[in-house]
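Colleague: Here's the letter readout for the chains.
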Amino acid sequence: MLPIQINNLLARDGWTLRDNEARCGSRCITFFSANRATAALAKSLRAIAEQDAGRFRHISVVITTNVEQMNRLRAGKLPRVFFTSIVELESPVTTVPRVTSFTAKIIANTPVGPTPPVHYRLVFDAPELGDILPPQFFMMDVLPVRTPLGSRAVRRADWHDGVDWSPQPLLKRPFGLCRVYRPNFPVDYLKRLALPPALAAVLHPPAATRFDLLYKVLPEGIGTPLLTKLRRGDKVHMVGPLGRTFDVRALRADGIEEVHIIGGGVGMAPLILLVEELRFHSFPVKVFLGMATLESLRYRDELAATFGEKSRDAYIYIDDLLAAGVAPADIFLACDREQPRQARRIPRENLFHGLVPEQYRRFLATRKSAGKTAAFTCGPNRMMEVMTEICREANILLKVLLEKRMGCGFGVCFSCVQKVRRVDGATDYVRVCKDGPIFDAKDIVWKNDDSKQPSVNCGCAARS
Amino acid sequence: MEERRLETTIGKLRLRSPLLTASGTAGSADELASFSNAAATAATLGAFVTKGVTLVPRQGNPEPRVIETRAGILNSIGLQNKGADRFLSEDLPKLRQYGVPVIVNISANTVEEYAALAGKLLTGDAGQISGLEINVSCPNIKEGGVSFGIDPRAIEKIVTGVKANVPRGRQVLIITKLTPNITDITVPAKAAIAAGTDALSMINTLRGVAIDIRAQKPYFANVAAGLSGPAVKPVGLCMVWDCFAKIPECRNRQVPIIGIGGISTWQDAIEYLLAGAAAVQVGTAWFVYPNVFVEMEQGVRKYLAAKNTTVVELTGKAHG
Ligand SMILES: Cc1cc2nc3c(=O)[nH]c(=O)nc-3n(C[C@H](O)[C@H](O)[C@H](O)COP(=O)(O)OP(=O)(O)OC[C@H]3O[C@@H](n4cnc5c(N)ncnc54)[C@H](O)[C@@H]3O)c2cc1C
Ligand SMILES: Cc1cc2nc3c(=O)[nH]c(=O)nc-3n(C[C@H](O)[C@H](O)[C@H](O)COP(=O)(O)O)c2cc1C
Ligand code: FES
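Quick note, the sequences are listed as chains A and B, same order. Under my numbering, the first residue of the first sequence carries the number 786, and numbering increases by one thereafter. Under my numbering, the first residue of the second sequence carries the number 416, and numbering increases by one thereafter.
FYI, nobody ran anything at the bench for these hints, they're computed from the structure. By construction, the Cβ of each residue, glycine as well, lies at the ideal position given by its N, Cα and C atoms. Wrong hints could be hidden among the right ones.
[Said to hold, decoys possible] The calculated DSS-like cross-link candidates involving lysine-lysine, where the alpha carbons are at most 27 Å apart (straight line), are:
#1 632/B / 1232/A
#2 976/A / 1184/A
#3 535/B / 509/B
#4 497/B / 1204/A
#5 890/A / 1020/A
#6 497/B / 572/B
#7 1189/A / 1020/A
#8 427/B / 578/B
#9 632/B / 1189/A
#10 1189/A / 732/B
#11 1157/A / 1227/A
#12 1184/A / 1232/A
#13 497/B / 1227/A
#14 1014/A / 976/A
#15 497/B / 535/B
#16 722/B / 732/B
#17 732/B / 717/B
#18 632/B / 1204/A
#19 427/B / 732/B
#20 717/B / 1232/A
#21 572/B / 557/B
[Unchecked claim] Quick list of the computed label-pair ranges, beta carbon to beta carbon:
#22 500/B / 1138/A: 48 to 58 Å
#23 1182/A / 419/B: 56 to 66 Å
#24 883/A / 609/B: 45 to 55 Å
Looking at chain B on its own, in the form it has when it is part of the complex (with noise of 0.2 Å):
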């Protein structure tokens, strides 16, 4: 019993712990290898979710990329990554060796360009992706872009046609990440079921712009970038809220909700299970914090000794 608290499923994925990685904030393996607490950290995830992967190489923004607001940072990496090919022979062996299920981020800015992506990391992982999180953030080239994750059709068009690449017989759980910059989240979530999503996972970052009183120009060479950290927690919590009243899909635990969004500290990360969260994922609060991860188990898992509760029946517990 005392063991299995933390346990929460995802689709046909079992975690072992509810507290995943968030994408872009975790690196690629080398980075938390790095770390005298790496194993400590790693025992703690439920599922390693990696920064964002596209077909091919991107280079990212121009810098500044970071700028630090109030309880919260602006980014504009630009996705900077090294592309399928070197992430499937350089990464993904890494990754494995923490024994966590390993969930690939994906980005692309063309419906075709997503699902081929999928195809390729699917074919090529040797069985090593237990799952693909789709990032609908990105803009659509195609659409002048923007971005995808306004667009139902678009976002439909995109999980059909992840689904449709997944490898005949292969158990992949595909999550379909949410943006935050919306008027009703239930929209594209109700189009992602709608395609088949296993689960959803919100938020991404909020739009934010930052200007330079000095230059009187704006900071980011793209204008409006990322808000996340701290600042944001309510506005996720809200979403993961909604989408848990709204769509009985995700009341009913057949789409499962993994929320996101300004978690540091394990009361954050409670309040989103009550809210109708199964899993969260913990970004921003590991830059400031490497230990974050272990400490947050530990005060999960007394809350939950002492209130004699698991995750699974916490989940959504504060709808009544």
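Only chain A is shown next, with the shape it has when bound in the complex (with noise of 0.2 Å):
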């Protein structure tokens, strides 16, 4: 154990260190070794959870020698614990998770919104994907599992009309993980954190094993409609976690103060994730929503897993938020289709009729403080567009989550190409899925007029 290093790091957030014990007005943070009998340890870290009982007022962190020994534990079943190890608490370490191909389990696949539902959240058990990393996505097959490649009928929708014999989809579909859930950890945890910055930057939660999505319907889609017939208990194909991962660490060494969230629709998906880890780091986030109306994100949530109760009326998204501690007051939603009426606690002033982009440039133009702030989007590419425009003007670091028709997902076919602007002012081809997704939105060529993308290819467009 390397208790001078945690006492120098918590010092400077007005904790303190005694023995192996840290406290911080009422809060308390045990350390332990992971050396010591892995028995013993869980029945202390056991008896701390139970006495805490989920208020988070009292955490513990088992240190371990190395990082592998560390991934071990975080994969494993202690009580409610933090992780982290010596070598990263000399200097922090940044393991990028490697790839596997795996068969999820489906848990729920739930529609939102009214019906016909356009949207749907898919709940799946994949362990395989506990080191994911916001932004990384990963590809999934459609249809349940099969021999590889064999084939079967399908049904395909709209104007695909009728039973069409050939193999189902060949190609998996990328997705972006919406919210994960980790074991023995209530769902809302971040809620009733409130880590020192410096003690977040070294520790780690354990690894999750729960994860959801959320998807979009394309109604001339032929993979996602197919999604919608999956049902609990089934099993699908899945490779990841996928892409380029971003160290939310390294905002706080640019100095950023305040981080600006912007989602178009399903785009919105993706950086909930996001906005999770930004909280466990303790960063001040501000979240805009664009939506075409606020009922497209009322479903029936049937899960105790996604927000601790056995279920109820739940908005996708604005929980999601909230559950991730974001203050309704942080939560900006904008329809373009109708005046959103009051949706959970969030002020009047922050619900706009009109786009996303439009609430943005209108919250910038009046804010009072303007600490050094970063934003990040994701949605479609007008839209993005239209934002990287807006940040420009204001000095705004904006960071963007891409979007591209995928062959492998992992780098090997070039086929997820996005034109970006080099230091040297020419153009470069570069592959979303392998050198992004996330990319700084001032490198991005917008205008691509020699692309001739199909009028199907688009995943979150904000009217739904």
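Two chains, two separate frames, one set of hints: put the complex together.
Modeller: What follows is the structure, given as structure tokens:
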């Protein structure tokens, strides 16, 4: 154990460490060495967790000697606990998770919004994605497990109507993750956590085992209509985690004081995971959400996993953000088809009739404090292009999450390319799957005149 | 015996397994390295065939570049790659780390360029390249863009040019990769053999078109694209069969055939061997199912054990 480094880390935030305990007001952190017998360790941890009853006033941290040992323990069954390793206490490490191909188990596939539903929330178990970091994504089959590449009849939607006796879709589909669920952690633990940033920078929660994604059914798509047929218990083949990770600790190093998240339609989904990560690192976050109508967010949640209650009427995104500890006053909602009514405790002045970039532009014009800000956006291309302009004018560093048609998802086929401007002014094609999906907005060449994107190719239009 | 059942030879190159990556579908080392099963996958490979390398860097085609079809994909990537110099300095050393022979797939738009590219690669590689696979499906810009692959005289010239630029005393396998977009595959095959190719590989992608019925226009900027995946397997198999049946040099294994096209399961691989292939390449299936090599090797191994035979014995066995 290295209490000295920890003491230095905490001192900056007004925490102190005595022996192996750190206290801050009524809060307390206890450190354990992983070298203690696991059974004894588990016993102490269980006692602390029970006493604390999910309030996160008492945090247990297990310190391991190396990252491998830490990851082994993170995937294990210890009671509620955070992890770090001595190596990391000395200097931050970033491990990019390895890609695997595996089979996930479907837990729920719930329609969202008015019928006929356009959005679905798909919950699945996949410990193999345990170390996924935002804004990584994964590829999934749209039909349950089969013998590799075997064939069976599929019924296609809309104008493909009629039975098509051709093999099922060959390629997997790329999706981002919306939320992750960690064993032994309350689903809304971030509400109560508030870690000192220096400590958050070296702590890891246990590896997640359950995930959800929000998908939009494309009316002319082949794969997404088939996804709606997945049922609890189905097994689906996946590949991931894929793409680059974004280390939010870099924002701290850059002196960023506030982070803005602007999501259009289903583009909001992967940003929720980023919000969780930002909240873990105690960044002040403001979220701007653009949707067609408020009603399109409403659904009946039947899973205790999502919000910690048995079943309830929920709003996607809004309830997810609240569960991540974003204050209602920091959530902004723009609906382009109506004036949104009251939703949860979001203040009236945060509700806007129009497009989300416009709401964001007005917010920037009137905001008082202007600490160094970073922004992240994902949504229809046109929206991200407008956002790039707004942030350039406001001198805000903007990162975009891009979507492209993918063949492989791991960088070998060069089909998912985006045109970017290089430092020397020339343009280049980079792979969204391997070099992205996150990019500096200023590098993107939005007007891709030679691009002939097919009309069916937009998975995240704000129009729903 | 158990271990050696999978062995095969292509020209003078001895391979521990008949399973090879297919050009343009296996990346250039970093991508394989990102997988947790990278070592297991590499251990099943007889050789690693790189994506197409050109003399100078190429940007590739505009989007979209891939469209899914029934049981296949159409691609129009346009050979995006960073050129021979960066391939040699950045990719080749990484590829060598797997201890698998590296075969570089080469593309060009003139006969002279093929030869120059071969010369450049083989003088700058510090002896690391085990073979060159000549992709003759490229458009010949001096002949109005028709594919070299349908012109036997052009194929002869390319193979001769490439061979002439192999440094003296250097052992390098020269493979000619044929296009299936031709009536009789044995015509270009014989041309390549006449010019002294060590082996043939077939097939490259088949020409295909997709039309966006909403926009009422072709999807791809270049209109025609290349079809691959399970849909093309019977075509590839037929071409391997024809070459083995009709060309004496193929039949007597002097010029072995590497079978490519739609191979997705171990059964597919066995079919190709039986049709006359001494080894196979797996492309599109890897996109969809990154564990494919590991499972395919297990399947082939079991089959060989059950039939108490070897890859070498199996090659062409269906011809009787
Ligand atoms: C990194 C990434 C993250 C994504 N995250 C989400 C998400 O969280 N929720 C969500 O609803 N959608 C997401 N998408 C978009 C989603 O992948 C597409 O909507 C989906 O693939 C469409 O499939 P389809 O079979 O219905 O469409 P079809 O048009 O029938 O698909 C044909 C082919 O085109 C591809 N394709 C079509 N549209 C897109 C698109 N917009 N982006 C990428 N490939 C496309 C398909 O994957 C398939 O290979 C994401 C895309 C990427 C690249
Ligand atoms: C995305 C993609 C890129 C390819 N690039 C090349 C290339 O650079 N050079 C080449 O000779 N063949 C290239 N090919 C053809 C493959 O190597 C192979 O011949 C073909 O895909 C058939 O095999 P498959 O059905 O197993 O994919 C490419 C194929 C695909 C799908
Ligand atoms: S999807 Fe294959 S390179 Fe990106």
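Colleague: Look at each hint and say if it fits the structure.
Modeller: Comparing the hints with the structure gives:
Restraint check for residue 632/B and residue 1232/A: satisfied, since their Cα atoms lie roughly 20 Å apart, inside the 27 Å limit. A threshold of 27 Å between alpha carbons decides the hint, and for residue 976/A with residue 1184/A the separation of about 26 Å falls inside it, so the pair holds. The suggested pairing of residue 535/B with residue 509/B holds, with an alpha-carbon distance near 19 Å, which does not exceed 27 Å. A hinted pair counts as satisfied when its Cα atoms are at most 27 Å apart, and residue 497/B with residue 1204/A qualifies at roughly 15 Å.
For the suggested pair residue 890/A and residue 1020/A, the alpha carbons sit about 5 Å apart, so the restraint of at most 27 Å is met. Only pairs whose Cα atoms come within 27 Å are accepted, and residue 497/B paired with residue 572/B is accepted, the gap being roughly 26 Å. Between the alpha carbons of residue 1189/A and residue 1020/A the distance comes to roughly 26 Å, so the proposed pair stays at or under 27 Å and holds. Annotation: proposed proximity of residue 427/B to residue 578/B holds, straight-line Cα distance about 15 Å (limit 27 Å).
The suggested pairing of residue 632/B with residue 1189/A holds, with an alpha-carbon distance near 20 Å, which does not exceed 27 Å. At roughly 45 Å between alpha-carbon atoms, residue 1189/A and residue 732/B are farther apart than 27 Å, so this suggested pair is violated. A hinted pair counts as satisfied when its Cα atoms are at most 27 Å apart, and residue 1157/A with residue 1227/A qualifies at roughly 17 Å. A distance of roughly 17 Å separates the Cα atoms of residue 1184/A and residue 1232/A; the hinted pair therefore holds under the 27 Å criterion.
A threshold of 27 Å between alpha carbons decides the hint, and for residue 497/B with residue 1227/A the separation of about 24 Å falls inside it, so the pair holds. Restraint check for residue 1014/A and residue 976/A: the C-alpha separation of about 34 Å exceeds 27 Å, so the hint is violated. Between residue 497/B and residue 535/B the alpha-carbon distance is near 15 Å, which keeps this suggested pair within the 27 Å criterion. Of the supplied pair hints, the one linking residue 722/B and residue 732/B holds, its CA atoms being roughly 13 Å apart against a limit of 27 Å.
Between the alpha carbons of residue 732/B and residue 717/B the distance comes to roughly 18 Å, so the proposed pair stays at or under 27 Å and holds. Restraint check: the Cα-Cα separation between residue 632/B and residue 1204/A comes to about 23 Å, which is no more than 27 Å; the hinted pair holds. With a C-alpha separation of about 22 Å, the suggested pairing of residue 427/B with residue 732/B holds against the 27 Å cut-off. A hinted pair counts as satisfied when its Cα atoms are at most 27 Å apart, and residue 717/B with residue 1232/A does not qualify at roughly 54 Å.
Using a Cα cut-off of 27 Å, the hinted pair residue 572/B and residue 557/B holds, with the two alpha carbons roughly 14 Å apart. For the hinted restraint 48 to 58 Å between residue 500/B and residue 1138/A, the CB-CB distance of approximately 56 Å keeps it satisfied. Between residue 1182/A and residue 419/B the Cβ separation comes to about 59 Å, which falls inside the hinted range of 56 to 66 Å. Against the hinted window of 45 to 55 Å, the Cβ-Cβ separation of residue 883/A and residue 609/B comes to about 48 Å, which satisfies the hint.
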